[in-house]
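Protein chains in written order, with my numbering: chain A, 1 to 286; chain B, 1 to 338; chain C, 1 to 243.
Source of the hints: derived by calculation from the structure; they are not laboratory data.
Think of the CB as a built atom: it goes at the ideal place given N, C-alpha and C, for glycine as much as any other residue.
Heads up, some of the hints might be wrong.
What the hints assert, rightly or not - Here are some, though not all, of the chain B residues that point toward chain A, as calculated from beta-carbon distances under 8 Å:
hint: 1; residue: Leu127
hint: 2; residue: Arg139
hint: 3; residue: Leu143
hint: 4; residue: Ile262
What the hints assert, rightly or not - Residues of chain B clear of chain A, computed beta-carbon distances all greater than 12 Å:
hint: 5; residue: Ala4
hint: 6; residue: Gln10
hint: 7; residue: Ala15
hint: 8; residue: Leu82
hint: 9; residue: Arg134
hint: 10; residue: Val170
hint: 11; residue: Gly308
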Amino acid sequence: MLTILFDGIAYGMLLFVLACGLAVTLGLMNFVNLAHGAFAMAGGYVTVVLVNRLGVPFLAALPLAFLASFVLGALMERTLYVHVYAKSHLEQVLFTIGLVFMSVAAVDYVMGSQQQFVGLPAALQGRYDVLGVGIGKYRLLIIVICGALTAALQLILVGTRFGTRLRAAVDDRRVARGLGINVDAVFAVTFAVGSGLAGLGGALGAEILGLDPIFPLKFLIYFLIVVTVGGTSSITGPFLASLLLGIADVAGKYYVPKLGAFVIYTIMIAVLIWRPQGLFGRVTAR
Amino acid sequence: MTLAAQVARQLAARARWRPLEIVFWLAALASIFLLPSRHLILTEIAILGLFALSLDLILGYAGILSLGHAAFFGLGAYAAGLLAKYGLVGEPVLALFAAGLGAAALGFVTSFLLLRGSDLTRLMVTLGIALILREIANRYDWLTGGADGLQGIVIGPVLGAFAFDIAGHVAYVYSLSVLFLAFLAARRLMNSPFGLSLRAIKGNSLRASAIGIGVDARLVAIYTIAAGYAGIAGALLTQTTQFASLDVFSFERSADVLLVLILGGTGYLYGGLIGAVVFKLVQDALIDVTAQYWQFWIGLVLVLIVLGGERVKRLAAAAGGRIARLVGRRPKLDAKAP
Amino acid sequence: MPDLLSIEGLRAGYGEAVVLANVSLTIAEGSAIALLGRNGMGKTTLIDSVIGVTRRFGGTIRLAGRDITPLRPDRRAHAGIGWVPQERNIFRSLTVEENLTAVARPGAWTVPRIYQLFPRLAERRRNLGDRFSGGEQQMLAIGRALVLNPKILLLDEPLEGLAPILVEELLGALRRVFREGVSAIIVEQNARKVLDATDRAAIMERGAIVHEGPSRALAADRQLLETHLGVAGKSQGRRAPLP
Ligand SMILES: Nc1ncnc2c1ncn2[C@@H]1O[C@H](COP(=O)(O)OP(=O)(O)OP(=O)(O)O)[C@@H](O)[C@H]1O
Ligand SMILES: [Mg+2]
């Protein structure tokens with residue numbers, strides 16, 4: 001029981017790190033980035049290559065995965081995405097689906113379609129036994145890293161001027177601009193950091209989620225669930241939503257494997273109908 | 001009184017058949033006789049065209065953004081397969097209607113989930129519904145064959161008289177006829193007052209409701225009809241291939257049909273058909289070269305369409321025709337594109 | 001006095017719609033001008049065009065001699081424009097203090113000085129701004145524009161919907177601000193409310209400036225007030241927007 005809860009929490013926190021960038025880009029620019037998962041995949045594959053082929057230690061590969069996706073995100077944002085913000089949602093969807101397809105095929109071409117495994121160091125394998133509860137070492141690491149990241153994000157959002165400006169821009173982009181906040185720059189930074197975090201999530205998650213070229217498609221729906229259920233007006237919402245989703249998914253697969261992913265999709269639709277701004281989103285005053 | 005007369009006149013003018021349209025359908029008819037060796041791919045084109053036409057009804061006319069239109073296509077595909085496999089409805093045309101009705105029913109029920117909400121909610125709800133259906137088809141494998149697909153489907157002769165042949169001649173004539181009839185019905189509908197009111201809604205739903213157009217009822221109606229069309233397209237696929245697999249529900253299928261429609265243009269009914277011709281011919285030409293990485297090119301086209309806007313769209317369509325010509329396959333229908 | 005803001009031949013609107021046909025207006029340094037006009041005449045569109053959040057079709061806008069038309073809104077704000085939007089648009093997930101610090105720029109107007117100007121804000125610095133009454137939101141919006149240390153304030157109907165006592169309080173604060181040399185455009189429908197606080201006045205009608213002159217002269221000219229602002233000289237109420 002507790003082991004499942006533990007695994008669910010690890011899974012949920014991983015989902016949060018993967019998806020939080022999407023929540024912010026959506027909230028900030030009302031931009032539908034269905035290609036978010038591609039940045040996660042990039043981080044995953046960078047780690048695979050670094051660890052398996054170049055012999056870089058796993059823990060050293062993690063920041064590099066972040067960096068790779070960060071740079072990739074920053075480049076893509078400045079060169080391609082900037083042209084799409086002002087376009088309709090239909091065009092944003094077409095554009096980002098296009099990117100997904102290209103990334104899927106490109107990775108398939110370069111790395112092959114088989115599932116990839118990251119060689120974990122022995123120290124991270126196995127589990128501790130605490131009062132009869134099995135605690136996977138690797139999952140513990142995930143919780144620690146993702147927990148620290150979440151705390152850091154929250155601190156940045158609440159405690160720094162950048163964070164204040166970011167929240168102001170999410171609240172009202174037009175007025176933030178008119179009051180001197182360079183929303184495009186704020187967005188570019190957020191986009192890059194969000195992509196970097198996704199890349200880190202992809203690196204950490206390769207082991208648990210499975211890494212193959214269709215990763216961006218397979219997990220698209222999970223990211224979208226986190227964003228819809230959690231809302232986009234804060235990161236607390238997506239965080240709680242990720243935990244719920246993680247625990248529900250792990251528990252569901254364990255207790256009622258027959259139902260599969262069915263429950264989660266249904267919950268998503270129910271939430272969308274019931275509270276379109278998300279379960280934890282703040283109701284707009286106006 | 002005068003307004004009514006004006007509207008009537010306008011509707012009549014819209015309803016008139018233009019020469020290019022007649023040429024288009026004559027070309028389609030001619031393809032039956034002139035391209036007997038290409039009937040297999042032409043069948044695929046007809047089915048894809050019908051599917052894209054159905055998406056056009058909701059995207060082009062009602063402005064609903066869907067990422068899960070394959071839900072209805074897939075439902076129709078499995079319905080037709082199950083009806084045939086278990087001998088419930090032996091005659092294909094009847095089964096086609098039944099499958100279409102089933103999909104329409106699902107469309108009706110789910111349309112209520114789309115009445116409120118932003119583009120994003122609609123996008124996720126539609127995506128979610130397709131995923132749920134796929135999951136159901138996957139789980140109930142005793143009925144659907146699960147991941148192996150629905151096998152052992154035997155389709156009876158059309159109208160009890162025309163049995164499907166290996167070369168796919170009957171299948172093509174059958175599919176094209178269905179497409180044509182469905183198109184006629186859609187054309188009539190869109191040139192009726194109902195179609196006009198849909199355009200008004202798409203333009204500005206607030207204003208439309210202010211001048212007394214029942215927005216919700218019309219969206220429900222068109223979504224139901226479009227779902228039925230997609231179901232028929234899916235059923236056609238099963239009947240002409242005697243097989244249905246989980247990928248009828250796939251996200252890629254929903255995305256592909258979006259591309260097809262965008263290629264051809266939305267909101268004038270022919271867009272889906274023309275897009276289907278271009279898409280399939282290009283796919284057919286490229287598949288020998290890069291079968292596995294075909295998706296890359298789809299993606300590239302999508303990205304370019306958005307970044308380059310109208311200009312690239314024209315180019316892509318033209319290039320499609322050119323490539324097809326280069327490979328020696330005359331793009332019969334494409335050449336007549338308006 | 002040299003011109004601080006000069007708008008020349010401005011054509012602007014939304015999407016395809018041109019709302020401002022050909023607007024020219026200059027504001028001298030240190031002067032406050034009342035921008036009057038009935039509902040839907042284009043006052044907000046003019047203000048928003050100066051900050052740059054509408055669509056511009058033609059014309060130029062100069063601030064202290066510098067052409068700011070090519071600049072993005074955030075650059076225009078930095079160039080010296082403090083915007084108080086008509087809807088106030090307090091950042092709702094930010095506290096009062098954060099609303100100020102998020103946009104503050106170095107200069108004479110600091111956050112503590114805003115608290116001096118509006119003591120009510122100081123009491124609630126840790127509260128979320130959107131829980132506020134209309135008057136407090138307005139103070140916050142003005143304070144938020146001031147901490148940008150602008151050369152000119154654009155106030156879009158700052159007195160709208162406020163109780164008379166609050167109107168007095170706010171006008172008093174604004175007078176103090178003007179005395180320190182900040183210029184301003186104050187949009188208002190009710191001429192009586194602002195003509196005392198401003199030195200010049202302009203009247204807009206259907207996207208054009210139809211009158212411009214000293215506030216005192218306008219206040220005395222019942223005829224002019226009557227033609228362009230209807231009963232605006234007396235009535236307090238807002239009419240329904242024109243269709
Ligand atoms: N976002 C918009 N899109 C299209 N038209 C708009 C928009 N905002 C305003 N308009 C139109 O522009 C015209 C001028 O509006 P504006 O808001 O500038 O008037 P106003 O003088 O500020 O009125 P009020 O006193 O009611 O605030 C109106 O006809 C209005 O309908
Ligand atoms: Mg206004």
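A quick look at each hint next to the structure:
1. Leu127: Hint holds; leucine 127 of chain B Cβ to chain A Cβ min 7 Å, cut 8 Å.
2. Arg139: Since chain A brings a Cβ to about 6 Å from arginine 139 of chain B, closer than 8 Å, the hint holds.
3. Leu143: violated, 14 Å
4. Ile262: holds, 6 Å
5. Ala4: It holds; alanine 4 of chain B is separated from chain A by about 34 Å at its closest Cβ, greater than 12 Å.
6. Gln10: holds, 27 Å
7. Ala15: With a cut-off of 12 Å, alanine 15 of chain B remains clear of chain A, as the shortest Cβ separation is near 28 Å.
8. Leu82: holds, 20 Å
9. Arg134: Contrary to the label, arginine 134 of chain B does not stay out of reach of chain A, its closest Cβ about 9 Å off (not over 12 Å).
10. Val170: Consistent with the label, valine 170 of chain B stays out of reach of chain A, its closest Cβ about 34 Å off (over 12 Å).
11. Gly308: Per Cβ check, glycine 308 of chain B is inside 12 Å of chain A; nearest 10 Å; violated.
Violated hints, in rising order: 3, 9 and 11; the structure is consistent with all others.
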